[in-house]
Amino acid sequence: MKELRLMKGNEALAEAAIRAGADAYFGYPITPQSEIIEYLMRENPVERTGMIVLQAESEVAAINMVYGAAGCGKRAMTSSSSPGMSLKQEGISYIAGAELPCVLVNVVRGGPGLGTIQPSQSDYFQAVKGGGHGDYKLIVLAPATVQESVDYVKLAFELAFKYRNPIMILSDGIIGQMMEKVELFEQQPRLTEAPEWATVGKKPGRDSVIVTSLQLQSEEQEKVNLRLQAKYREIEKNEVRYETHLCEDAEYLFAAFGSCARITRKAMEMAREKGIKVGLIRPQTLYPFPVDAINKLAGQVKGILTVEMNAGQMVEDVRLAVNGKTKVEHFGRFGGMIPSPDEILNALEQKIIGG
Amino acid sequence: MAKKGDVVINIEKCKGCEVCLAACPHEVLALSNEVNSKGYHYTVKVNSGCTGCANCAVVCPDAVITVYREK
Amino acid sequence: MAENLIKPENLVYEKTKVLTDRVMHYCPGCGHGTAHRMLAEAIDELGLQGETIGVAPVGCSVLAYYYFDVDMTEAAHGRAPAVATGIKRVFPEKTVFTYQGDGDLAAIGTAETIHACNRGENILIVFINNGIYGMTGGQMAPTTLPGMKSSTSPRGRDVATMGNPLKITELIAQLPGTYFVTRQSVHTPGNARKTKRALKKALEYQKLNKGTCFVEIVANCPSGWKMTPVQSNKWMEENMFPFYPLGDIKVPE
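Residue numbers (our numbering), protein chains in the order written: chain A, 22 to 376; chain B, 218 to 288; chain C, 992 to 1244.
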């Protein structure tokens, strides 16, 4: 049964993992996402659904536990925050290379280095451009609400198994820490049958299953890369998700994702009150990126301002999508600072309208 | 009297490491003068002293030796 | 002419079906092949082929999954015990093993090794210790002996600047999570047979859910040590065994 609750973002996401029928969670504490593993340990889902939860000795170990469980055809996930996500990149690359499904959650905090524990969006590049070594892509879902944090967990597992690919939920310290009303979806059953690519023990009459990303012959590795690229093109065709607000008559456009899109929406409303016709596009998938939608809007507006809690990352993808059709500028606060609607409106007036 | 044995050596997989020679208690094995298609001198049986103890096969890193022993 | 003994009823030893027919890529005389076969025979004799999941490391045995005819996953360097943990936790009823060299297990993967053992994961860890990085061309390993030459200790391992060899098996045996810890070799028929017995015991113990079983196999590396296989086995007896003595280190009470 669907259920309405007031929940903290991280805890709602953890509850969603149980309800999505996850088989295993492996994690390591790091602020601001520790509530995910704390909630799971408290909830003890092994008694509810049989889902196992394990606190690993490091983020590195946790992602490799996910790799092992994912290779068994199970719904496996991990979560972390920026410095921990950097540690996981090796394992993520192996999972992408071996074409296994899994769900990764990054509740982003400011960097570089140890940085700050405050919210940020400065891991955009790491999330959408691969992150680890080699030519690979994650599907990146960017929730803007606690509700989306919940719904995206279920979606992420569906996409992970549809494409045999790791899926990242790129959240941030705001979404993870704030409380909102959320509608929880019904408990989904855990998987009962293992896919044919899973290591389950060699059955008579079939070859052994090998989960690997190693190809010593270049010709074979190129085939793997071509297969991956074909899969990414398919993902780009099928899985673009975005929202637009007040774009019909827009002369200017904001582009923002995640929590920053919520603040930007407020700035849009303030601008409209001043008579500035500005709309907002909010990519919900950062990869695949809503290239066509942005390109189309670029033909309609006089300029686009991306608003991000970083020094300018998504702006590069917006510029690629716009392809010179109109002016694209970036406004960001970073290091854990959160932009105010006033600042955003001011930036629109200075950099786009007046610039 | 010791039982009689015999070995069959997969000479194409043999790498001529000689570990089996050192393990044979009856000096039944030696390296060939010829080489296999990989260029390795391979193990051959040079006398009829085999007792089928399987020591050679147990230490063979490449599992090239099959052992038979009279019942 | 002697009687022809080569007939099925006289067969006493052949390659186990748990090894595939592929030609192994290992150098002539390398202990990996024999260690593979002892493990494969142990799996075969216990009837575990259909329920075993193995984890291959990074190192010379990175392609172990081509030789073991069981389902296998290839781990990143050092991470095999974490991967095996993930497998065993979702499939507690399956038989799970890792097969790792000294660089993989005792250098880059030390944390994963120690914590998997300390949690008492019900897995078998097979640890091949030849005191050198074989695959990358003979560099110094965590287990390289004092004074031993390698391509990164060309004047011999100087413990003052390069640190000491790590007796990780003795360390592992201290952990409450381990159930059976032993050190064996496969360079003679007797040693190889003892290794198989140890591996069979370890696989049987896994069914008891009493903790991690850890079987070290001290092995040669003829190419890395720059010796013939027979010389390397002799050198191993004279140099490796005094430092890494063979025998059980922790046995169930």
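Since the hints were derived computationally from the structure, they do not count as laboratory data.
Among the hints, erroneous ones may be present.
[As the list claims (entries may be wrong)] Chain C is nowhere near these chain A residues, computed Cβ spacing over 10 Å in every case: (1) Lys95; (2) Thr220; (3) Lys223; (4) Thr233.
[Stated by the list, open to error] Distance condition first, Cα-Cα at most 27 Å in a straight line; then the derived DSS-like pairs of lysine-lysine: (5) Lys1217/C / Lys230/B; (6) Lys288/B / Lys1158/C; (7) Lys287/A / Lys348/A; (8) Lys244/A / Lys202/A; (9) Lys1217/C / Lys224/A; (10) Lys262/B / Lys998/C; (11) Lys221/B / Lys1085/C; (12) Lys348/A / Lys252/A; (13) Lys1185/C / Lys221/B.
Note that beta-carbon positions come from the ideal geometry of N, C-alpha and C, so glycine has one too.
To see whether the hints hold, each was checked on the structure:
1. Lys95: Lys95/A not clear of chain C: closest Cβ-Cβ about 5 Å, inside 10 Å.
2. Thr220: 4 Å, violated
3. Lys223: 5 Å, violated
4. Thr233: 4 Å, violated
5. Lys1217/C / Lys230/B: Distance of about 23 Å is within 27 Å: holds.
6. Lys288/B / Lys1158/C: 46 Å, violated
7. Lys287/A / Lys348/A: The hint holds at about 22 Å.
8. Lys244/A / Lys202/A: 47 Å, violated
9. Lys1217/C / Lys224/A: 42 Å, violated
10. Lys262/B / Lys998/C: 18 Å, holds
11. Lys221/B / Lys1085/C: 42 Å, violated
12. Lys348/A / Lys252/A: Roughly 32 Å separates the two Cα atoms, so the pair is violated.
13. Lys1185/C / Lys221/B: 25 Å, holds
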